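Please work from the sequences and hints to get the whole structure.
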Amino acid sequence: MTAVSQTATPTRITDQGDAVPMVSIRGVGKSFGTNEVLRDIDLTVNKSEVVCLIGPSGSGKSTLLRCINFLEVYDRGEIRIEGKLVGYSEDTPRRRLSNRDLRDLRRNVGMVFQQFNLWPHMTALENVAEALVQVRGMDKAAASAHARRMLDRVGLAAKADSYPARLSGGQQQRVAIARVIAMEPHLMLFDEPTSALDPELVGEVLQVMRDLAADGMTMVVVTHEMGFAANVADKVAFLDRGRIAAFGTPREVFHESAEPRVQQFLQTYHERNSF
Amino acid sequence: MKFSVIIDAFPYLLGAAVTTIWVSLLGVLLGQVIGVAVCVARQSGGRAADMAGGVYVSFFRGVPLLIQLLLIYYMLPLIGIDVPPLVASIAALGLASGAYVSEIYRGALNAVPHGQSEAALALGFPGSSIWTRILLPQAFRISVPALVNELILLLKASSLISVVGVAELTRTSQTISASNYRPLEIYLAAGVIYLAINGALALFGTLVERRLQQA
Amino acid sequence: MLDLSLLVQYGPALLRGFGITILCWGAGCLIGMVLGFVLMLLRQLPVKPLRWVIRAYIEVIRGTPFLIQLFLLYSGGPSIGLRLEATTAGILGLGIYGSAYFAEIFRAGYQAVPKGQVEAALSLGMSYGSILRRVIVPAMLVSTIPAIVNMMAILTKETVVLSIITVPELMYEMQTMAAETFATFETILGMALFYWLLVEVVSRLGRRLEARVTRFLTHASPQGSSSETATARA
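Chains as they are written, first to last, in our numbering: chain A, 1 to 275; chain B, 276 to 490; chain C, 491 to 724.
Worth flagging that the hints you see were computed from the coordinates, not collected in a lab. As the structure is a prediction and not an experimental result, all values here were calculated from the model. Just so you know, even glycine gets a beta-carbon here, dropped at the ideal spot from N, CA and C. Please note that the accuracy of each hint is not assured.
Label pairs and their calculated CB-CB ranges [claimed, not checked]: (1) S319(B) <-> A165(A): 47 to 53 Å; (2) T656(C) <-> R100(A): 52 to 58 Å; (3) E484(B) <-> R698(C): 54 to 60 Å; (4) R100(A) <-> F278(B): 48 to 54 Å.
So this is what it looks like as structure tokens:
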């Protein structure tokens, strides 16, 4: 029937008791000139939840993700992380937050990019330790020790002194993930983390992401990996042309959705991925 | 600052500017001829020609223009050619420019797809025709922006020929400010004139580039 | 024709002149690079008048002959109370001239830094100062070294123009020697060969530096020298 596997989602403790959701997106819109890339987005992500954003290219999923940590500026609506308004001042409407306040917000949010974005002039260890020194103010020795533990967590302790140029794509992405988790974020954003990887390297990265989810990390993931979305996500949001066309548990979206666009999208996906 | 000084001097400065302009133009023209010749010779003339051309390019790009100018100025009489400073200057500018132009053409020729000369060969074109009808016209098109830039550079470089006594803009400025003791005003005026000419040239270059994109 | 005893006689003067050349070149390069870098950073500020002024500064300096700029500093300076010694004017002139070109070189390098690396640092909460120091400048170093070396070679050649405002650098001393010995042509030829060698050496050293820096910073194999046209001009 469907190529998307049906294994049960492993039980995880999702802390639904908390009144304040981790991410709260209300009525968010964004335009590039006359082009409306996001319209009236409502989305809630609770603590320890994994939410996957899926949809065709140009649907706005990456833009929405990048609005969450204000790498993109949203024009309408509100985005709140742990209750705090993102990018704009609470008191004065539509007044941009200062760079310092923005930085404070970003310290607790981690982002993993499609292109890894490791700094080529630093070793894996130095990449992971850098923010600890510059942002958290740790001393170099403590930062290096912590960084080593993080690299071990993603299975790359042996590559600590290697430069990015010497690492495979999958290894680079895992280092990038280590760099983020070293900062002990409350929330992690993944922007198509495996899209730039050769197929055989995708698995190792998805495994790390699975482990993070099992440990209770709140994650918002833009991805084309339907298997991950089906097995690991608590909720899936299907975006189409700037709107959320379907939202719910993986079962609800993949198998029970009446939305024609969702079915069309999944159809194309199946055609391309089953042989 | 006395502005009246500038107004009095302006006619002379403008006259000198005209000299600057056509000296630079002649220099660029000469540079074109020499540059293309050297480039073609290096590409198709065999090893000796390539090496000789290489030495020429290295020398005229590595030695400061002022020294090149004095070298030619003092060298020509020694081999019996007695020329006025103006001619020596144009020769120096042309030789210097030629070195850069030959490199510009070398890059431009590389940008012309190889298949074009191959097609011509297959059709039986003689070598010289391939150069004149196919390669050079295209190389010229590609190099126009760099060539307009050459003209601007030469215009600025022309200020150095003042040392051999040519009455161009810089020299005239020196003369005038020596007699009215107002170097600041005069040199500022000269600077503005240079800027205006270069600005016009830059604009011209943009227009030509745009025209060529459309063609 | 060539009297070598002349070299012995004029040796000290020539050496002194060469010293002045190196001084002017070194100080000029330093001032030019520091000033150029600062101007490039200032241009990033969202203050329109400031960006306009800096742009105008760059256009004026790149659009007028170096000699005119020197004359303005040295001869025109006293009219506004700026009485400079020839060498000082020379160094200042080189520094200002270079700063306009270095500012453009740094601007290109700054814009060529992959946006993603900056975004990764931003999303980790790093301050602009940290990002500049730890991410942007290292990335810029690799891409701008060819252009920087090129410019330094150009400034080497421009030092001879300083002789016109009587800075006692190498060419000035050689011209003095030529005038006193009447061996004009030989002296000038000697000068030409010397500077040819000097510029070639500077370019070669630059290319080696480029390869070293690329290897050191990225630890990928260097992709062949991109500074082959090092003997271009401004």
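Outcome of the hint check:
| no. | hint | in the structure |
| --- | --- | --- |
| 1 | S319(B) <-> A165(A): 47 to 53 Å | violated, 41 Å |
| 2 | T656(C) <-> R100(A): 52 to 58 Å | holds, 54 Å |
| 3 | E484(B) <-> R698(C): 54 to 60 Å | violated, 36 Å |
| 4 | R100(A) <-> F278(B): 48 to 54 Å | holds, 50 Å |
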